[in-house]
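Student: Here's the letter readout for the chains.
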Amino acid sequence: MAAAAAAGPSPGSGPGDSPEGPEGEAPERRRKAHGMLKLYYGLSEGEAAGRPAGPDPLDPTDLNGAHFDPEVYLDKLRRECPLAQLMDSETDMVRQIRALDSDMQTLVYENYNKFISATDTIRKMKNDFRKMEDEMDRLATNMAVITDFSARISATLQDRHERITKLAGVHALLRKLQFLFELPSRLTKCVELGAYGQAVRYQGRAQAVLQQYQHLPSFRAIQDDCQVITARLAQQLRQRFRCALPPAPSPICARLLAVALPCVCFCVELLLALGEPFLAHARGRLEKELRSLEAELGPSPPAPDVLEFTDHGGSGFVGGLCQVAAAYQELFAAQGPAGAEKLAAFARELGSRYFALVERRLAQEQGGGDNSLLVRALDRFHRRLRAPGALLAAAGLADAATEIVERVARERLGHHLQGLRAAFLGCLTDVRQALAAPRVAGKEGPGLAELLANVASSILSHIKASLAAVHLFTAKEVSFSNKPYFRGEFCSQGVREGLIVGFIHSMCQTAQSFCDSPGEKGGATPPALLLLLSRLCLDYETATISYILTLTDEQFLVQDQFPVTPVSTLCAEARETARRLLTHYVKVQGLVISQMLRKSVETRDWLSTLEPRNVRAVMKRVVEDTTAIDVQVGLLYEEGVRKAQSSDSSKRTFSVYSSSRQQGRYAPSYTPSAPMDTNLLSNIQKLFSERIDVFSPVEFNKVSVLTGIIKISLKTLLECVRLRTFGRFGLQQVQVDCHFLQLYLWRFVADEELVHLLLDEVVASAALRCPDPVPMEPSVVEVICERG
Amino acid sequence: MEDDAPVIYGLEFQARALTPQTAETDAIRFLVGTQSLKYDNQIHIIDFDDENNIINKNVLLHQAGEIWHISASPADRGVLATCYNRTSDSKVLTCAAVWRMPKELESGSHESPDDSSSTAQTLELLCHLDNTAHGNMACVVWEPMGDGKKIISLADNHILLWDSQESSSQAVLASSASLEGKGQLKFTSGRWSPHHNCTQVATANDTTLRGWDTRSMSQIYCIENAHGQLVRDLDFNPNKQYYLASCGDDCKVKFWDTRNVTEPVKTLEEHSHWVWNVRYNHSHDQLVLTGSSDSRVILSNMVSISSEPFGHLVDDDDISDQEDHRSEEKSKEPLQDNVIATYEEHEDSVYAVDWSSADPWLFASLSYDGRLVINRVPRALKYHILL
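In order, the protein sequence lines correspond to chains A and B.
Numbered according to the working numbering, the first sequence spans residues 1364 to 2151.
Numbered according to the working numbering, the second sequence spans residues 194 to 580.
No lab work stands behind these hints, which were simulated from the structure alone.
Where a beta carbon is used, it is the ideal one built from N, C-alpha and C, also for glycine.
Any given hint might turn out to be false.
What the hints assert, rightly or not - A few chain A residues facing chain B, derived, Cβ under 10 Å:
hint	residue
1	Pro1580
2	Phe1582
3	Thr2088
4	Ser2128
5	Glu2140
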C-alpha cells in the first residue's frame, strides 16, 4: 500500500484532481482509488490520460510498453535496420539485460533482509501485549471502587446544597425589591444633587422591570413616581441643554438628554435612532442663532459693524456648532462612518446658511474703505471656523470659509483697482480745474511742474495706500495668510498683475484715449493736460513703474510660477503712451497756431494791401504763443539738444529774395522753351536740404516739441501763401512777417536752418504768387521788425 | 525694360492742375495746367508711350490766366474745362471756361518735343461759364458717362449746373443751389457720382461733405465734420455706389458709406501733411491713390472695403480654369488692407494725382514745382489682382 500512497498525489492521477463540486466528490474519490490500483498493477490508464502526448502505449514495438511483442519487435528490427545497426542494437540489448539482471539480484537481497527483521519485531510485540493486558484489568477494578465512594458522598450533601441555593435567590429578590421601592426617592435625590448620570442609569435599570410588573398596584405606583421624576429630569435637562452656553459641561448634558428623551417616550431605540432627535434639537438652537444673526444683518444700514457681526456669528453659531459636533462625536463615535456622514451633512447644511449670511454682510462691507476692520473680521471668521473644520473635515466648512475669504480678497482687489482708477481720474479733473482756473482769475496758478508733482505723488500715495490695505490680507498674524492662495496667487496674480499692472494699463489707456477721441477740432482736452500726462507717463517709464513693482514685490514676496508682466513691457507701454500724448500735444498746439496763421492769410486782401509799416499783429501773437508754449513745455521737459549754429543767426538776412542774387546765377539749363523762374532756386536749395517731415514723431525734450509745433505752423503758412495772389506790398508784408518770425523762432528749434528753410520757402512762394515781385530792402525789413 | 521705374517730366512753371484725357481710352494721355502770374500759362498734353517708356508732349497756350483746375470732357477728346485766375484792378477772380484744343492734337501727335515748343498753339474758347454773379470758381466737373453736355461748377457757396449747347459753344445755367449758413461758406471740391444714373454730386466745404441730387438740386446727405480740418478732395468708388473717399488737412483719408454718415468705414493716416488728392482706380477700386503736401504719393490697397474683397472672382466662361482658380482663391482669401507703395520722387507738395483713363495700372502725380511723375502699379500686385 505504500506505493499506492506515494502515487496518489503524483501527476499520474491527472484529470481527476481538479473538480471540486460537492456532489461530484464521491465518484471522484472512487475513481482516484481505482487509478491508484491500476497504477500499482502497471496498467496504463492513468498514464495514458496523464501524458497523451507520449508514445503510444499500445505500440508492440515499445520495449518498455505493456504490450510489447518480441516477435513483432524483432521482425521490425530485422526488416528496417541495416546489419551494423542490428549488431549495435544486439550488443546494446545484451548490455541492458545484464544491467537489469544485476539490479534484480540486488533488490531481491535487500528485500529478503528486511523481511527477516520484520518477522523478529512481530514476535517481540506479541510478548509485550500479553503483559499489558494484565495491568489493564487491574485498573478497571480500582476505578469501580472510586465511583462507588463518590456516589455515596454526593448522596450525603444533596440536601444542604438545595437549601443554600434557595436562600441566596430570596436574598437577591429582596434587594431588587428594595431598590425598586427606594427608586423614586433616589431619583429625586439624584436630581436634586444634579447627579443626572446616576439618575438616568437607575431609571435605565429599573425601567424593564417596572414595565413588566406594572399590573401590580405597588409597582404601578413606583413607576408613576419614576415617570414624573424622569419627566422633570428630562425637562431640566432640556432646559439646560437649550441654554447650554460654554460654561456648562454640555457634552455630558447632551448625553443625558440623549438617553433621557427616549426614556420619556418609552421606546428603547438603537443609538443610531437616538442621534436623530439630538440633531433636530441642536438644529433648533443653531437656527435661533442664525435668525438672530439675520436680524442683525437687517434690511437697513444700521447693522453693527462687521467685526461685531462676525464675533456674534463666531461665538453664537460656530461655537454652538462646535459643541454639537464634539458632543455628537463623543456620543456616537461607535456608529462609524454613517454617523459621521450624518453629522457632516448637518454641519454642511447649517454652515452654508451661515455662510450665506456672512457673505451678505461682507457684501455690505464691500463699498467701505476700512480694510483693517474687514481683515480682522475675516480673520476671526476664519479662525472660528477652523475648530469645527478640524472636527468636521468632511463637512468642508474650513474650505468653504477659505473660499469666502478668497472671494472677499479678490473683490477687495477689484475694489482697490476701481479706487485707483477713480483716484487717477479725480487727479485729472483736479488738474483740469487747476489749469482752467488761472485763466479765469488772471493770476498765476500752481505751475505745471507743481501740478505734475501733485498728481504723481497723489497717485503714488494712493497706490501705496492700496498696497498697504491689501497687505493686511497677508499679515502673518492673520489666520488665513498661510493658505496657498494668499501666499501665491493672491500676491502675484491678484496684487501684482491685477492691481498694480492693471492700474498702469488702465492709466495708459485713459491717457491714450485723450489722443484718440477729441482729436478732431482741437478737442476738449487742454493741451497742458496732454503735456502733463505725457510727462507723467514718461516719468513712469523711467522710474515709477519699476519703483512700484519693486515695492510690490518686496511687500508681497511673490513666490509662485505664474508668469508676470515684466517691467520692460509696462515701460514700453508707458513710453508709447507718453510719445503719443506728446505727439498729440504737438499736433494740437501746432493746429492752434496754424489756424491763426491760416486765418490771417486767407482773410486778407493781399493785392490791395498797403506798404508794410509794421509786423502784423498775428505774427506777434504767434511768437507770443510759441513763447508761452516754450515756457509750458520747459516746465516739464528738458531742453534737449540743438544743432550748433553761429550765434549771429538772428541777424541773418533773407538770401532768397535779395534781388542782387536773383538773376543770372542760374544759367537756363532746364528747357529752352521756358523762361527762367525763381522756383529753380528753391528746387536747388531743396537738393541740398533734407526732406522735412512735418508731422513727424517728436522726442522727449522741449526743443523737439517746439520744433514740431513750428514746423507744422510754418508749413501751413507756406501752403496758405501758395493759394493766394499777392500784390507788391503784399509780398513785402510777407517778407516782413517772415523776417519777424525768423528773428524770434530760431531760438526754439533744434535746427534753426529748418526755420530758415521754411520761411525762405514761404517768401519764395509769395514771390511766385506775386505778379509784380519787388522785394523790400533787407535793411528796411530789419528796421521794421526791430521796431515792431 | 525696367518696368517699375518712374518716368519724370518737368514743367517750367508751377502747376496744380492735372487730368487724364478722359474721353481717350487707347492712348495714355494727361493734361497739365500751369500756374504763372508773369508769363503765359500753358496746358501740356503729355502722351506716354508705354512700350518705349517715352513721353511726348504738346504745349497749348492758355492765355486767360493761371490754371487752378482742369477737367477733360468725357465725351469729346478735344474739349476741356479750366478754372483760371484773372487778375484785374488789383482783384483776383477765378473764372471757368470750356475750351477746344486744335484738332491735330486731340489724338496726340508724335512730334519731337523740340519742335512743339516753337509751335505752341492756342486753345479755342468755346464758352465761358459765367460766374460774375456767383464768385470764384473752385472746380468744374463733367457728367461722367454722359455726352459732355452737363457740367457742374462750384463757385464760392454756389453749385451750378450748366447745359452746354450747340457743340459746347454756349453754356446755359440750367439750375443752381447755394449753401446757406454762418460765415463765408466756400466749396473746395466736388465730384460727380458715376452711379444712380449720374444724378448725384458730392461737394466738400470746410470740414463737411455734402451730397446733391442734380435733378432737384437739393441736398441728399451731409457728413458734418468729415475731417478734423478742411476737406481737400473726394472721390466716388466707381464700383460701389454708396462708397466715397475723402481727404483733408488732418492728414487722413477717410472712406464713407453715404448711407451711414455718422462715422467713416475706414480711416487711413499715412501722410504726414495735408492730403490734397484722393483717387480710386477706375477698374480696381481697391487701389486708392493719394497725394499730399508732404511730397509723397501713396498707393493703398483697400481690399476689405472694395468691390472685390476676396480677390478677383472667376467668370463663368472660363470654367476650365476654375479648378486652378479655386485653389488659388483659397490661398489669397485673407487679403489685408495695406500701403502698396510710397512714391517719393517729388520734392515739393503734390497737389494732384490721377489715374490714366486708358491704362488702369498707370497713374500720374504732379507737384507744385512742375514735376510730373508717371508711375505704375507694381507688377506683382497687378498679377495678383488679375489672376
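Student: Decide, hint by hint, whether the structure agrees.
Tutor: To see whether the hints hold, each was checked on the structure:
{"no.": "1", "hint": "Pro1580", "verdict": "105 Å, violated"}
{"no.": "2", "hint": "Phe1582", "verdict": "101 Å, violated"}
{"no.": "3", "hint": "Thr2088", "verdict": "5 Å, holds"}
{"no.": "4", "hint": "Ser2128", "verdict": "8 Å, holds"}
{"no.": "5", "hint": "Glu2140", "verdict": "22 Å, violated"}
Taken one by one, the earlier hints fail for this structure at numbers 1, 2, 5, listed in ascending order.
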